[in-house]
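> Next come the chains, spelled out residue by residue.
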Amino acid sequence: MPKLSRLQFVAGLASAFALVGSAGSGIAAEKLKVAVLVPGLANDGAFNQAALEGAKKLADEGLITFEIREKQRDPAGSEPVIRQYAQRGYDLIIGHGIELSEPILNVAKDFPKVHFAASGGPDLAGKLTANTDGWTYDFAQYGYLSGWVAGKLGVSKVGSLGGPQLPFILAAHKGFKGGLQETDPSATVIEVYTGSFDDVQKAAEATKGLIAQGAELIWTSGDGIGNGVAAAAEQAGIHTLGVTGSAGGLAQKVNIVSVELNMYPTFRAYVDAAKDGSFGKKFFVSGLANKGLVLTPINDIDKRVPADLQKQVDALVGQLASGAKTLPDFYGPAK
Amino acid sequence: MVKWLTMAIAIVGLASACAVEAAPTVDISEAAVSWGTRFILIGTKTEPTYVEHISLARDGDLFILQGGAPAGMAPSRESIALDANGTLRHVDCPPAMNCDGTDLPSGFLASATMLAALRQQRLSGRFPVVSYAGLELICIPADRLGVQDAVLDPCVEVHSGAVIAQRHRRSGEFDGPSLDPWSISLSIPDHQFAPSM
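Taken in order, these protein sequences are the chains called A and B.
Quick note on the numbering used here: the first sequence kicks off at 1 and runs consecutively.
Quick note on the numbering used here: the second sequence kicks off at 1001 and runs consecutively.
Treat the hints loosely; a few may be bogus.
[Unchecked claim] Just so you have them, the derived chain B footprint on chain A, three or more residues with Cβ under 8 Å:
1. 31-42
2. 46-58
3. 238-248
Calculated directly from the structure, the hints in this document are not laboratory data.
Here a beta-carbon is modelled for each residue, glycine too, at the ideal position from N, C-alpha and C.
With the hints as extra help, turn the sequences into a complete structure.
So, in structure tokens, the structure goes:
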């Protein structure tokens, strides 16, 4: 048996304590061993990639080593995978996506010394245990930030286009109107819903209708129908907010900015809590204040975007984070 | 059902043999003859801030689409019935949608729009087979279905008529309401298509 130096002995002892310690007692290891499970592909440029990028940033900072597992959409398939990671001594297992919520909570019961993080709606908060934290995000603030930016672009009439009238989409639209009202009280909104989440043609027709009514800028809350918005806007020489993806190459021509998820702050909070022993029963809501929702890079197509827009957004975020500013409840009944 | 599927496969095969070095093509009318009256298509579409779960089912002449929301949240539901003459009628009309019959569905429910066009003998011709998630699709120019100023063309699975993806007319790429290739599960009675991607 090789002799251990005093330093190696102490490091080994620390690792041993890290392995046997309970979730609530914190982890002494320098780098946490983290598993991130995502429902889709981690290079999708969308929801799944947000998780990959959050984890990568933590790894770059030297806080974690991680492994990402893709295509974990089916709970029957993901639960054994989560269990395997727990058995292999991972410190933190993150299920990114609502479909991973139940499997994470199920496995967490059997491994009280491992830290687990689940995603879900607001009801997840009541299901969290001593070794599980949870996450959701505020879709209304997604709309609010878009409206806040729209009000900075110097237009008097804004078209707002949605797909189905589902509660989270209605909240985003209320947020949009709230944000616009705040930064440009004189601007008016013309709002239309197509009722469809997948019919691009209906979105194109509705966008043409908004433009015919005088809309100088179009915001869309609908990801799937953005192709229709972009096509109609390009035809009319109008710009957009909220179009995601390439939209057949048109997004670059018409879309100024969108809002996207940033998982780093939440993942960082998980890691910090696991290290300092405060992990468990905490529910994180990604929003503007914690930089869980951020602007995509600004595409200043016609030089109408204020040069200091990002600085202004940062100031807004600062006010929200400090509590100097609060946002209304966009999920409440329509006023 | 097996006979129909064999016929559909034969159509693709024959087309492949005839068109040396060219993409195989499928005659849409002949393919439609082979379609059964039921399928269930399930998949996801990943958005920047969530993953939405989508299902499209054909039950006889009723086409039912659900989706638009993250898992665990109530989805939007739209269904449309097709009669023998190729007339479409909404059965479930989502809030805010114009369901008076003047707007033809062009998303996943283009499965019904396409069958309506076939029944009214407004649609015919051969279309190239393209591969998507290990499935054979043909993309039908949306204007041939009666859609004006089309942005995307619906792409249907050749053995079932289920719309799986949409192809952008400008870029020629799959775009918009297209199911994530890795997520697709298409069930046709007596047959399962599960892509290996």
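> Taking the earlier hints as the rules, which of them does this structure contradict?
No hint contradicted; all consistent.
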